[in-house]
Amino acid sequence: MSCSPRKAKMLLKKGKAIVLKRSPFTIQLTTATGEAKQDITLGVDYGYSHVGLSAVSRKQELFSAEVNLRGDIVKLNSERRQYRRSRRSRKTWYRKPRFLNRKKDKGWLAPSIQHKLDSSLKLTGKVKEILPIAKINVEVAAFDIQKIKNPEIEGEGYQNGVQKNFWNTREYVIFRDNHICQGCKGESKDPVLEVHHLESRQTGGDRPDNLITLCNTCHKKVSQGKLELTIKS
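At position 204 of the sequence shown the residue is numbered 204 (the UniProt record's numbering), and the sequence of numbers has no breaks.
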């Protein structure tokens, strides 16, 4: 169990305890003290980029920590994929494509989500190593995004979204924009239409609100920095 810094210093000075860990600073008694233990509850709050932990007894808080999770996994995996594709196209262009012959194991999670899960379990395990945790309370925040957008939605309304009956998001975005370039409004007469991300895919995602229809001509100008769009995500 936890004790005051003064008591820990005295136990170490008298040789009744040894330093077990320095972060967090943990000591271990060198003599048996019986099996008496206090009931300690560990509270865990899982966030998108942070994990908060707090271990409390009936009288006081014994341990608290806030851990920052990695947020660069998606970016690093994207760079890794680009390097691999570039290397494969330059050095082994004669090989058949291999991007559709991968099988995901049961229970597979995206690397970024798997990292958050593994980190949370590891942190909980580290706390259990130094404190006799009897109970763990996990705060789970579930948000109904469709309910936030439409408070009156219920039942089959969840299945009748704006993209219903469309093959994919690209088809919906082009239909939403009436098959017209939103940059030049069709003045370029370019028949090829592209779907452009208003905000980078990494931060804005592939949601329809972040996509816009552009002709191939305008899309090249935007990509080269020669045309600036006034429409925001």
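Accuracy of the hints is not assured; some may be wrong.
Now the in silico label distances, taken between C-beta atoms and shown as ranges [claimed, not checked]: (1) G205 - V56: 31 to 39 Å; (2) S23 - K75: 26 to 34 Å; (3) K59 - H197: 18 to 26 Å; (4) K185 - K149: 46 to 54 Å; (5) D72 - K9: 25 to 33 Å; (6) S200 - Y158: 35 to 43 Å; (7) K147 - T92: 26 to 34 Å; (8) T33 - F63: 35 to 43 Å; (9) H197 - K9: 52 to 60 Å.
Calculated cross-link-like contacts (lysine to aspartate or glutamate; reagent style DMTMM-like; alpha-carbon spacing at most 20 Å) [to be verified]: (10) K226 - D190; (11) K116 - D45; (12) K226 - E194; (13) K226 - D209; (14) K59 - D39; (15) K128 - D39; (16) K226 - D206; (17) K75 - E199.
Don't read these hints as lab results, they were simulated from the structure.
For glycine and all other residues, C-beta sits at the position ideal for the given N, C-alpha and C.
Hint check results:
no., hint, result
1, G205 - V56: 31 to 39 Å, "holds (38 Å)"
2, S23 - K75: 26 to 34 Å, "holds (29 Å)"
3, K59 - H197: 18 to 26 Å, "violated (54 Å)"
4, K185 - K149: 46 to 54 Å, "violated (28 Å)"
5, D72 - K9: 25 to 33 Å, "violated (41 Å)"
6, S200 - Y158: 35 to 43 Å, "violated (29 Å)"
7, K147 - T92: 26 to 34 Å, "violated (49 Å)"
8, T33 - F63: 35 to 43 Å, "violated (20 Å)"
9, H197 - K9: 52 to 60 Å, "holds (58 Å)"
10, K226 - D190, "holds (17 Å)"
11, K116 - D45, "holds (12 Å)"
12, K226 - E194, "holds (17 Å)"
13, K226 - D209, "violated (23 Å)"
14, K59 - D39, "holds (11 Å)"
15, K128 - D39, "holds (12 Å)"
16, K226 - D206, "violated (24 Å)"
17, K75 - E199, "holds (15 Å)"
Hint violations for this structure: numbers 3, 4, 5, 6, 7, 8, 13, 16, all remaining hints satisfied.
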